[in-house]
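K.L.:
Chain by chain, the residues run as shown.
There are 2 protein chains.
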Amino acid sequence: MPNNIMEIIEKNFSKNSTKHFNSILFINEENLSFNTKKIAKICRNTEIAPVVKSNGYGIGANLLIKYYLKENIKSFFVGNLNEAIKIRNNFKNINIYILNCKIKSNLRLLIKYDLIPVINDIEELTNYSKIKSTKVPCIIHVDTGMNRLGIEYQQIFDATNNINFKNIEILFLMSHLACSEDKNNKMNLHQLQALKKVQKNLNQLYGKFIKTSIANSSGILLGKKFFLDLVRPGQAFLGTNPTNNKKKPFKTVIYFFAHIVQIKNANKNSSVGYGATYKIKKKTKIATISLGYANGFPRSFSNLGSVFIKNKKVKVVGKISMDLTVIDITDTDEFNIKVGDPVEIFGINRSLEEFAEQNNTIPHEIICSIGKNSKIIIAK
Amino acid sequence: MPNNIMEIIEKNFSKNSTKHFNSILFINEENLSFNTKKIAKICRNTEIAPVVKSNGYGIGANLLIKYYLKENIKSFFVGNLNEAIKIRNNFKNINIYILNCKIKSNLRLLIKYDLIPVINDIEELTNYSKIKSTKVPCIIHVDTGMNRLGIEYQQIFDATNNINFKNIEILFLMSHLACSEDKNNKMNLHQLQALKKVQKNLNQLYGKFIKTSIANSSGILLGKKFFLDLVRPGQAFLGTNPTNNKKKPFKTVIYFFAHIVQIKNANKNSSVGYGATYKIKKKTKIATISLGYANGFPRSFSNLGSVFIKNKKVKVVGKISMDLTVIDITDTDEFNIKVGDPVEIFGINRSLEEFAEQNNTIPHEIICSIGKNSKIIIAK
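Keeping their order, the protein sequence lines are chains R and A. This note's numbering numbers the first residue of the first sequence as 590 and each following residue consecutively. This note's numbering numbers the first residue of the second sequence as 590 and each following residue consecutively.
Hints were generated in silico from the structure; no laboratory data involved. Be careful, since some hints might not be right.
As the list claims (entries may be wrong) - With the C-beta cut set under 8 Å, the calculated list includes, among others, these residues of chain R facing chain A:
1) Ile705
2) Gly862
3) Ile875
4) Met911
5) Lys961
To be verified - Pairwise CB distance ranges, derived in the manner of DEER restraints:
6) A/Arg633 with R/Lys600: 48 to 56 Å
7) R/Thr723 with A/Lys868: 39 to 47 Å
8) R/Glu618 with A/Leu794: 47 to 55 Å
9) R/Phe924 with A/Asn678: 47 to 55 Å
10) R/Ile937 with A/Asn854: 25 to 33 Å
11) A/Asp818 with R/Phe924: 23 to 31 Å
12) A/Asn790 with R/Lys655: 49 to 57 Å
13) A/Ser694 with R/Asn634: 24 to 32 Å
14) A/Asp818 with R/Lys872: 30 to 38 Å
15) R/Lys872 with A/Asn753: 47 to 55 Å
16) R/Ile937 with A/Glu596: 49 to 57 Å
17) R/Lys871 with A/Leu794: 53 to 61 Å
C-beta atoms are modelled at their ideal positions from N, C-alpha and C, and glycine is treated no differently.
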């Protein structure tokens, strides 16, 4: 954590230009850079292509790509064609791979925007290999056990007679690991072996060595045999823990803050919020903060959750509203809390992992929901 | 439901231009219009100012305002200054009221963009009343029991000597109901009476009759004494149930669909998704759909939830991914399901209310999360 983080947050909430945002999503560029260098070091000379699907896991794909370019990373995976076109409109000289995209009906757009589809379907692969006109290169996705997307492992052997491999440019053969956060899971090695078996078979049919890729963020921590020719980390850059171990291998990147909108002494026997679910039984000082369930503070935290002010944990009282939440600040007199003061949701006193766990989910689901109404600041 | 809704959805998923969207959020304009007319009829001649905060509850503020203008509605409530400026840049001739906005530090922007702040704080009101230069009109928010935003009921009496009421233009005096979904809750009437008491007092100090407003969507169903001079419904337009009763007073407006990305026969003894949490024990046909927790399909539905294909309920298998979910379609042979077919999340065979309940939340939290990556279609 940069020492000046609270200074940056306070300055931003007090500036006119940003005060009217509900929340600040702070990206610690120093730690992002640390993680990037660590990933590069782990993977040695393997090419790195970050996954920036779902608008960069909600953080902002443009912002992340702009950063990655500074680190000399030039290839990216996105979720669908819509995301790909948006990104291409902002970045001309990068490689954009689309994880989920039908090739036939979108060929014109793929050519126009210079996009690389991942082929997940045996029929598509068969048909595509027969097209004679201008085409784009592609990645072939083999399903080795995830049962989600990709061509069934066995299908690719059965259909080889129908596929004209020499008529397509195969950039990579990829697969996706199902249990890579668990280093000891036998499935990891099984999936790797299955991919290699397909590769071996395809090399002959294609007449050239085909590159392969299998590792996501947790995959790169499984050892060098999983690096292959390209790795596709996503969350590792963002510092969340891609393993089942308690110890985080990467540094914290994402910090989330709201600010105090109003402070008042609640009357005895009054109640807080919708449904009057929280009763004020004794002298209580409450504060309303600029965050609700529409902006990434899950409603399940109603009457249960907590936030941090001046590093002190304070409780949520009442039901969380769409863009407002009320907290009990009775025991914070020593800090002289005032309107405009920042409120930490996670990053310093509570990790994103803990916050997600308290809401019965994983960090990804949390971060996908926080970026959209936040002011995003990236700083060292 | 318009009879042609599935036709519209199917056409849209099969068109090249929209196929690359993950999901379709369908707004039934016929029912939206029905609800609008019903609200107008209930409230008789009371002015209606819809709440379109949090980007129109996630549906899209611009789209909703465009519609409301056709219905001759011209005043809107938004959550903060950022939302207000975005909307003003698209609509010149509407009144924009900002529920949560500090007036002093933002006065220049409020004047520039012709925006009306709601004053929630006694100090702000006091200071604002002393400013002599150009100002904007304002709404005064009195807290009559919500304990969230607004000037404490008693404070406004205590401070009257310090406030120069004749130096501000007060458009409305407003308050917000805490328990209005429960028609029999005594708090509703208490809050109304408190607001009227403040109004009576302020009328004298202001030297003119001050208009009042207290009713949100559920408030307008509490009877005509709650209409006052302006009502502020939000969810009622969108058809969700603003009451505790089982019977919905408004018609369904929001329908949510994904589509099928891939179909396969899963191998016996294989597993589905991350962590291999779902084991395939018998012959199973699975389909991957274009929706995950980043797009409004909560991760808590992993291995538990369901969706509808051709009006048949089918189960989610495995963990929900960021933008993909796998379902079991073994028992759907009769329908000849194929890639590209629409998948209903809610709207026809399951209400938004049921979907929310199955996820332990309220419709608002659901809809705030579904709009951002969807193609939004509004049609009759």
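K.L.:
Does each hint hold? Answer for all of them.
P.N.:
Each hint, compared with the structure:
no. : hint                               : result
1   : Ile705                             : violated, 14 Å
2   : Gly862                             : holds, 6 Å
3   : Ile875                             : holds, 6 Å
4   : Met911                             : holds, 5 Å
5   : Lys961                             : holds, 6 Å
6   : A/Arg633 with R/Lys600: 48 to 56 Å : holds, 50 Å
7   : R/Thr723 with A/Lys868: 39 to 47 Å : holds, 45 Å
8   : R/Glu618 with A/Leu794: 47 to 55 Å : holds, 53 Å
9   : R/Phe924 with A/Asn678: 47 to 55 Å : violated, 39 Å
10  : R/Ile937 with A/Asn854: 25 to 33 Å : violated, 49 Å
11  : A/Asp818 with R/Phe924: 23 to 31 Å : violated, 42 Å
12  : A/Asn790 with R/Lys655: 49 to 57 Å : holds, 56 Å
13  : A/Ser694 with R/Asn634: 24 to 32 Å : violated, 52 Å
14  : A/Asp818 with R/Lys872: 30 to 38 Å : holds, 36 Å
15  : R/Lys872 with A/Asn753: 47 to 55 Å : violated, 32 Å
16  : R/Ile937 with A/Glu596: 49 to 57 Å : holds, 53 Å
17  : R/Lys871 with A/Leu794: 53 to 61 Å : violated, 34 Å
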